[in-house]
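A.B. asks: Chains as they are written, first to last, in our numbering: chain B, 1 to 131; chain U, 1 to 121.
Calculated from the structure, these hints are not laboratory results. No experiment lies behind these values; they were computed from the predicted model shown. Among these hints, one or two may not hold up.
Said to hold, decoys possible - The list that follows gives simulated cross-link-like pairs (lysine-lysine, DSS-like), each with its CA atoms no further than 30 Å apart:
| hint | chain 1 | residue 1 | chain 2 | residue 2 |
| --- | --- | --- | --- | --- |
| 1 | U | K92 | B | K30 |
| 2 | B | K105 | B | K30 |
| 3 | U | K92 | B | K105 |
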Amino acid sequence: MSQSYNRGTVEDFGRWRDFSAGMWAWIFHKFTGWVLVGYLFTHIAVLSTAIQGEALYNGTLQGLEALLVVRFLEVGLLAVAVFHILNGLRLLFVDLGIGLEAQDKSFYASMVLTGAIVVASIPTFLGGKLV
Amino acid sequence: MAEHYSSFDRNGSRWLLQRITAVFLIGVLAFHFMLLHFVNHAAEVTLAGTTARMSSIGYFTTMWLFLVTATFHGVNGVYNALINQGLTGTRKRAVKWVLVVAGVLLIAQGTRVAVAMTNLI
Chain B
1 MSQSYNRGTV
11 EDFGRWRDFS
21 AGMWAWIFHK
31 FTGWVLVGYL
41 FTHIAVLSTA
51 IQGEALYNGT
61 LQGLEALLVV
71 RFLEVGLLAV
81 AVFHILNGLR
91 LLFVDLGIGL
101 EAQDKSFYAS
111 MVLTGAIVVA
121 SIPTFLGGKL
131 V
Chain U
1 MAEHYSSFDR
11 NGSRWLLQRI
21 TAVFLIGVLA
31 FHFMLLHFVN
41 HAAEVTLAGT
51 TARMSSIGYF
61 TTMWLFLVTA
71 TFHGVNGVYN
81 ALINQGLTGT
91 RKRAVKWVLV
101 VAGVLLIAQG
111 TRVAVAMTNL
121 I
């Protein structure tokens, strides 16, 4: 027998205390998606310096990498990318109807694994010459 | 009783393409991050090194497909998110064409950049 559920509106952030794991996963996936698509346009803009030649390209990349704030932004980018990848895998399984009963646990696993990978990557991102 | 929820239109080609590009991007985005942050540190990237990588036909093709699939997945994702927020009618059509133009321009500029980075062309 089919059954209807009133899940409310996820977009109504005022009721965030009522959100379940799946709704948080949906919100985080949307947020990380906005960040990644924004970064994609920025990334192509920065890499476009290659059209103007070696001096501008190398100077731009090395100048950005010399800033501590850029290194922290890279850690943040890794965090959103890793979460989007792991939760994206979870979504593919949900779409295939696999493991639906564990969809909340797989969200928590995505969060924990993202945290672990990001923490482990910090020495790599902060290493190297800084201004 | 477990229900299968999805806010996407499962009959459209965009739904399928979003998932096909997702499968490709999961692998390529992870590879891209590993190669350019952990194998080669971003602070050590130079145009000479970039050109050496982009002059391999396999790497060039993978990166160009990365550009196209990431643009589609990102722009289509933004469109889906705005539809979820209740975008309809004329505004929906206007947003759709703004996103199409933005996506085409990004792929065109990305292709120019890729060509500038390779010795293949």
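A.B. asks: Does each hint fit the structure? Answer for all of them.
C.D. replies: Do the hints match the structure? See the list:
1. U/K92 x B/K30: Given pair U/K92, B/K30 holds - Cα atoms ~19 Å apart, limit 30 Å.
2. B/K105 x B/K30: holds, 19 Å
3. U/K92 x B/K105: Violated, at about 36 Å.
When each numbered hint is compared with the structure, a violation occurs for hint 3 only.
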